[in-house]
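Undergrad: Once you've looked at the hints, go ahead and assemble the two chains, each given alone in its own frame, into the complex.
Those protein sequence lines, which keep their order, are chains A and B.
For the first sequence, the working numbering begins at 3 and goes up steadily by one.
For the second sequence, the working numbering begins at 1266 and goes up steadily by one.
Please note: incorrect hints may appear among the correct ones.
[What the hints assert, rightly or not] Straight-line alpha carbon distances no greater than 25 Å define the calculated SDA-like cross-link-like pairs of lysine to any residue that follow: (1) A:Lys43 / B:Asn1268; (2) A:Lys46 / B:Lys1302; (3) B:Lys1307 / A:Gly18; (4) B:Lys1302 / A:Asp108; (5) A:Lys54 / A:Ser100; (6) A:Lys21 / A:Gln102; (7) B:Lys1323 / A:Gln102; (8) B:Lys1287 / A:Pro10; (9) A:Lys42 / A:Lys73; (10) B:Lys1307 / A:Leu29; (11) B:Lys1287 / A:Leu85; (12) A:Lys38 / B:Ile1313; (13) B:Lys1287 / B:Val1319; (14) A:Lys54 / A:Asp108; (15) A:Lys46 / B:Gly1360; (16) B:Lys1336 / B:Ile1374; (17) A:Lys43 / B:Thr1334; (18) A:Lys43 / B:Ser1291; (19) A:Lys42 / B:Ala1294; (20) A:Lys38 / B:Val1319; (21) A:Lys46 / B:Lys1323; (22) A:Lys46 / A:Thr61; (23) B:Lys1302 / A:Lys54; (24) A:Lys43 / B:Val1319; (25) A:Lys38 / B:His1272; (26) A:Lys38 / B:Tyr1359; (27) B:Lys1323 / B:Ser1293; (28) A:Lys42 / A:Ser100; (29) A:Lys38 / A:Thr9; (30) A:Lys73 / A:Glu26; (31) A:Lys42 / B:Thr1289; (32) A:Lys43 / B:His1272; (33) A:Lys42 / B:Val1373.
Hints are computed from structural coordinates only; laboratory data are not their basis.
None of the values given here were measured: they were computed from a predicted structure.
Each chain is listed here by its residues.
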Amino acid sequence: DTAVSQTPKYLVTQMGNDKSIKCEQNLGHDTMYWYKQDSKKFLKIMFSYNNKELIINETVPNRFSPKSPDKAHLNLHINSLELGDSAVYFCASSPGDSNQPQHFGDGTRLSIL
Amino acid sequence: GENVEQHPSTLSVQEGDSAVIKCTYSDSASNYFPWYKQELGKRPQLIIDIRSNVGEKKDQRIAVTLNKTAKHFSLHITETQPEDSAVYFCAASYGNQFYFGTGTSLTVIP
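One chain only, chain B, in its complex shape (with noise of 0.2 Å):
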C-alpha cells in the first residue's frame, strides 16, 4: 500500500518569512496531491492540489511542487501571516483512496 512521510512535524516561522513543507510517497500509481489546512478545533479545509501531470501549481502565497520521479511534493507558503498557523496535511490518491501524511503544525510568530 501507500505510504507518505511528511517533515518538519513542527516548523516555526517569523511572520514575512517563507514556510516549507515536504512529502514523499511509495506508490507510483498515486495521481493526485491535495493539501489540507487545519486549524485548531476545525475541519482539515483543501487549500491547494495538484495532479500528475504537472509539475507546479501556484494560487497567490501558496504554491506546491511535484517531482514524480522522485516521488516526492512540497507546499511552499510565501510571505507568511499570523493566520497561516495551523497544522498541515499532505496527501497521496488513486482513485477513491487518500493516503495522508502525518501532519506538519506551522507557528508563524508576529
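Bound conformation, chain A alone (with noise of 0.2 Å):
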C-alpha cells in the first residue's frame, strides 16, 4: 500500500484553467504539507495542516488553496494557472512530534501550455 499517494501523476492543462491535485496519507499522521519543487530542484514549502488546521502558509498567491476535509486528506486547487505554476508538486506528512521524518508522495508534474 502506497502510504502518501497523490493524483494526478500528470497534469498537463492551459493557461488560466482551475485543477486540483489530491493527496491522501494512511500512515495515521497528524501532519500533511505541500512542496513546489521547480526546475532548479528547490522545495519550497507551500502549506502546512495540522489535523486539518493551516498551520503553515508562506508566501504562496491566493490563487493556490488547500483543502483538508480530515486529517488523511490534504487537497490543492489551483485557480487562474500561470505559465510560472509549471513544476512538480509533492505532497507530504509526518506524525507531527518531534523527531520524525516526512513521508513524501510520488509527486505531481504539472505543465502549463
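TA: Next up, the structure:
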C-alpha cells in the first residue's frame, strides 16, 4: 500500500484553467504538507496542516487554496493557472511530533501550455 | 525563522571515492536533522537522520555528523557507487516544521 498517494501523477493544462491535486495518507499522521519543486530542484514549502488546521502558509499566491476535509487528506486547488506554476508538486506527511521524518508522495508534474 | 544552507550544489566523484555534503542551520531550537535522497523523476526518500542528542550516526556506507555548537551537520558517503547518483537534501526540524537545504546534485563517475 502506498503511504502517501497523490493524483494525478501528470497534469497538462492550458493557462487560465482551474485544477486540483489530491493527496491522501494512510499512515495516521497528524501533519500534511504541500511542496513545490521547480526546475532548479528547490523544495519550497507552500502549506502545512496539522489536524485539518493551517499552520504554515508561505508566500503563495491566493490562487492556491489548500483544503483538508480530514487529517488524512490535503488537496490543493489552483485557480487561473499561470506559466510559472509549471513544476512538480509534492505532498508529504509527518506524525507531527518532534524527531520524526516526513514521508513524500510520488509528486504531480504540472505543465502549463 | 530557520535558514538552512547546503554546500556544494553539485559534486562529482569517482566511483569508490567518498562524498561529503555539508549543511548549516540558524535556529538553535532545531533538534532533528533528516537527509533525503531524490533520484531523477522520483520522490525524496529518507536515507538517514540524526537527533540533537547524538553526535554521529552510521548506516553501512552512509554516516551523518552533527555539531550543535557550530550549528552544522554533514552527510558522508563512502565507497560511492553509480547508484548513489542523485540529489541529496538536508533538513532541519523542530516540532512539525521542516526547513530544507537547496540540494546537492551528486554524480558518481564509473
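Undergrad: Taking the earlier hints as the rules, which of them does this structure contradict?
TA: 3, 6, 8, 9, 11, 16, 17, 19, 20, 21, 23, 24 and 28
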